[in-house]
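Protein chains: 2
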Amino acid sequence: MQCQNYGITRNLERENLNLNPLQRGGVLPAVSRQALYDYGDGYSVCDYCAGRLDEISKPNIMGFLDDLAKFINVDLVRTVHGAREGKFAIMHALCKPGDYIVVDGNAHYTTHLAAERIGLNIIEVPNSDYPEYRIRSEKYREVLENAIDDKKDIKLALLTHVDGNYGNLTPETEIGKICQDAGVPIVLNCAYSMGRLPIDAKSFNMDFVVGSGHKSMAASGPIGVLGMKEEWGEQLLIRSSRHTNKEIEMLGCTSRGAPVATLMASLPYVMERVEKWEEHLQLAQKFAAEMEKIAGVKQLGIKPTLHDLVRFETPAFHKIAQNHPRRGFFLYEELKKRKIVGIKRGQTEWFKCSIYGMTPEQVDYIVQAFHEIAQSK
Amino acid sequence: MQCQNYGITRNLERENLNLNPLQRGGVLPAVSRQALYDYGDGYSVCDYCAGRLDEISKPNIMGFLDDLAKFINVDLVRTVHGAREGKFAIMHALCKPGDYIVVDGNAHYTTHLAAERIGLNIIEVPNSDYPEYRIRSEKYREVLENAIDDKKDIKLALLTHVDGNYGNLTPETEIGKICQDAGVPIVLNCAYSMGRLPIDAKSFNMDFVVGSGHKSMAASGPIGVLGMKEEWGEQLLIRSSRHTNKEIEMLGCTSRGAPVATLMASLPYVMERVEKWEEHLQLAQKFAAEMEKIAGVKQLGIKPTLHDLVRFETPAFHKIAQNHPRRGFFLYEELKKRKIVGIKRGQTEWFKCSIYGMTPEQVDYIVQAFHEIAQSK
Chain A
1 MQCQNYGITR NLERENLNLN PLQRGGVLPA VSRQALYDYG DGYSVCDYCA GRLDEISKPN
61 IMGFLDDLAK FINVDLVRTV HGAREGKFAI MHALCKPGDY IVVDGNAHYT THLAAERIGL
121 NIIEVPNSDY PEYRIRSEKY REVLENAIDD KKDIKLALLT HVDGNYGNLT PETEIGKICQ
181 DAGVPIVLNC AYSMGRLPID AKSFNMDFVV GSGHKSMAAS GPIGVLGMKE EWGEQLLIRS
241 SRHTNKEIEM LGCTSRGAPV ATLMASLPYV MERVEKWEEH LQLAQKFAAE MEKIAGVKQL
301 GIKPTLHDLV RFETPAFHKI AQNHPRRGFF LYEELKKRKI VGIKRGQTEW FKCSIYGMTP
361 EQVDYIVQAF HEIAQSK
Chain B
1 MQCQNYGITR NLERENLNLN PLQRGGVLPA VSRQALYDYG DGYSVCDYCA GRLDEISKPN
61 IMGFLDDLAK FINVDLVRTV HGAREGKFAI MHALCKPGDY IVVDGNAHYT THLAAERIGL
121 NIIEVPNSDY PEYRIRSEKY REVLENAIDD KKDIKLALLT HVDGNYGNLT PETEIGKICQ
181 DAGVPIVLNC AYSMGRLPID AKSFNMDFVV GSGHKSMAAS GPIGVLGMKE EWGEQLLIRS
241 SRHTNKEIEM LGCTSRGAPV ATLMASLPYV MERVEKWEEH LQLAQKFAAE MEKIAGVKQL
301 GIKPTLHDLV RFETPAFHKI AQNHPRRGFF LYEELKKRKI VGIKRGQTEW FKCSIYGMTP
361 EQVDYIVQAF HEIAQSK
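Protein chains in written order, with this note's numbering: chain A, 1 to 377; chain B, 1 to 377.
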């Protein structure tokens, strides 16, 4: 049989400025491109494996995991296929079908799917609604306490550190303490934070943290990070009775290929950029402020933003779309002409974007482009 | 903090002939190295996603999955993180804790781990023991029927198409029929076959097949293939009640990165090499025969072998090790001197290896090296 043409080339990131928040934190530095090249073949990291991926010493995965654990301040860490697979493993190890968990109202859809896959009941902490959509610690406490009063045995709590819709940073340390005091283990989903801003799981009062290599740690996907306190290792990293050196929830090995090599190569780079998070944040705040100077553009979520992912409602662009010959496509097309991508085609009422990792000059160029386009008829 | 030096370089595959069977089928062709380069960044395949990874049309993942389904003759196919994750998804969707499944005695350890993760009971079909370790269809039938007579409700059967210890090819079509007749759905684990030899799931009487991109389909890991008959889609690919276009067992999306791009790029190459399987097999058989000309070297498993993975017992080399100044390390070191790698350090009593993808000249060179080393004192 003859294969179709799959159009497998990608120059989008090389030739354009990409505003897609999903893509900003996963761009590889040169050193990780080298690792990708070296470890591109199949099972490449397994040359010197003696049965445990996390204990391979060439390349030094074991040493890398030690450094990673220190970097996010956890006792134990494993790589998984992504934040969602990390959440699933935690829920699967700690909960049974029918159990209750408490989850913030801005949780990623994969948190819901992981729970649904196991048959868990989700009790949701609502956000503060328009325009901030904020998750407040008082509300989290109220919902958790009500659930406990309601005689529900809450097996797990989850908090989204920075959500993917509004880029809201949550009061993780307070909410961690609330759960700790209530005796409920808590997971912090750091898919949009680990690798961008400092994570200190113990100071945050977290039992578990999960992160995403491809989303925020300059790694080639799919790869994630699963960190935990020592005390959870026995339950989550339990070994097979038959294959006694293999961890059941990991199905033995997880990241058997290039993704872990790129995550390793990127770690020093990621550590350095996390130290400069304030600079990244200031640029994002400046970007949001400049965008809001366009009449009919308003940033939603916490203001000033505490993350590079920002969501705007943009009646100004929606109004143009009504009468533009290209209708809703005009915004995408006008941006594309200027080599700016990452806003979905046809979307004009609102959009989310990120300038993370761009230079101030690139950000100026993008702001200017939006201002120009806002003048379209 | 300062990172350790992880020693992240790999030239093993570039500078040596690698006999590790795990690595032979995962070497990328040039076109897939290009895809790796293009899709190296984070979430790179998601530029034009509208919510479903399997429906992305740029790159044309949807068209690729259509071709892949035809190639292995299944109705529905998804990419997963590997064969093990495919097996887990099937077991998780079809079985409950405490259920019974029937599994062949040469199953990969990850089959046991996937079952253990869910709490399933495994009923094992023993192999024929030394020296063939063959899985016979009559034995499979006997064990299955006994289990059913024993009033056990067998939820699933699993057969390892080619196992990783002896490279034994199993009578998949007969065993598929036995399970079909008994009304037990069956999974064929094709980690060592899909991408090497022809897979025809329907002719094989299989409900499900799983494959491994990094093990046998010239893809960068981790990635696997999960194929099934139409009728299982409703159960295995059930969608979330809350996020109605997301498949629960897939946690929404699976291969969000370079691995799927490399698998796509490799498919035409893989199809071509599968057509030439007989040539590959003949070379493997010739290799095994030449190796057996060394006194004290004997191929285990089915003879002549029906797969490129071959296992030898090697008392000849073990005897040399007893008196060699480098003891058990001599074999590894002598091979390394000759730029041959992939046999574990210290191993001399037996080893498994594969010359898959090598030229006849390279195989001659390897055979000659083993003959020379057998003369060591």
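Take the hints with a grain of salt, since some may be wrong.
Identical copies carry no separate label here, and so any pair may be met within one copy or between two of them.
[To be verified] Listed below are the simulated EDC-like cross-link pairs for lysine to aspartate or glutamate, each with C-alpha atoms no more than 16 Å apart in a straight line:
1) Lys319 with Asp150
2) Lys151 with Asp54
3) Lys276 with Asp54
4) Lys58 with Glu290
5) Lys319 with Glu349
6) Lys337 with Glu142
7) Lys336 with Asp47
8) Lys377 with Glu174
9) Lys229 with Asp75
10) Lys319 with Glu138
11) Lys339 with Asp47
12) Lys246 with Glu116
13) Lys344 with Asp47
14) Lys177 with Asp129
15) Lys155 with Glu174
16) Lys293 with Asp66
17) Lys286 with Glu142
18) Lys151 with Glu333
19) Lys246 with Glu279
20) Lys286 with Asp54
21) Lys293 with Glu116
22) Lys337 with Asp67
23) Lys276 with Glu174
24) Lys58 with Asp149
Hints were generated in silico from the structure; no laboratory data involved.
Requested in this report: Indicate which option fits the pair Lys337, Asp67 if close means a Cα-Cα distance not exceeding 16 Å: within, between, both or neither.
Outcome: neither (44 Å within a copy, 34 Å between copies)
**Report entry** Same-copy or cross-copy closeness of Lys229 to Asp75 [CA-CA at most 16 Å]
**Finding:** within (5 Å within a copy, 44 Å between copies)
Query raised in the report: Is the C-alpha distance from Lys58 to Asp149 at most 16 Å within one copy, between copies, in both cases, or in neither?
Result: Cα proximity of Lys58 and Asp149: none, with 52 Å in one copy and 51 Å across.
Report task. Indicate which option fits the pair Lys319, Glu349 if close means a Cα-Cα distance not exceeding 16 Å: within, between, both or neither. Result -> within (9 Å within a copy, 77 Å between copies)
Query raised in the report: How would you label the pair Lys286, Glu142 (within, between, both, or neither) given a Cα cut-off of 16 Å?
Result: Intra 35 Å, inter 73 Å, cutoff 16 Å: neither.
Query - Alpha-carbon proximity between Lys151 and Glu333, which holds within one copy, between copies, both or neither at 16 Å - result: So Lys151 and Glu333 fail the 16 Å test inside a copy (55 Å) and across (65 Å) alike.
**Report entry** Alpha-carbon proximity between Lys377 and Glu174, which holds within one copy, between copies, both or neither at 16 Å
**Finding:** Intra 49 Å, inter 70 Å, cutoff 16 Å: neither.
Query raised in the report: Within a copy, between copies, both or neither: where do Lys293 and Glu116 come within 16 Å Cα-Cα?
Result: neither (43 Å within a copy, 58 Å between copies)
Requested in this report: Could you figure out if Lys151 and Asp54 sit no more than 16 Å apart (CA to CA) within one copy, between two copies, both or neither?
Outcome: neither (40 Å within a copy, 42 Å between copies)
Report task. Tell me, please, which holds for Lys319 and Glu138 at an alpha-carbon limit of 16 Å: within, between, both or neither? Result -> neither (39 Å within a copy, 73 Å between copies)
Report task. Go through the copies and call it for Lys276 and Glu174: within, between, both or neither, with a Cα cutoff of 16 Å. Result -> neither (24 Å within a copy, 63 Å between copies)
Query raised in the report: Using 16 Å as the alpha-carbon threshold, which applies to Lys339 and Asp47: within, between, both, or neither?
Result: between (42 Å within a copy, 15 Å between copies)
Consistency note: the structure conflicts with the earlier hints numbered 1, 2, 3, 4, 6, 8, 10, 14, 15, 16, 17, 18, 19, 20, 21, 22, 23 and 24.
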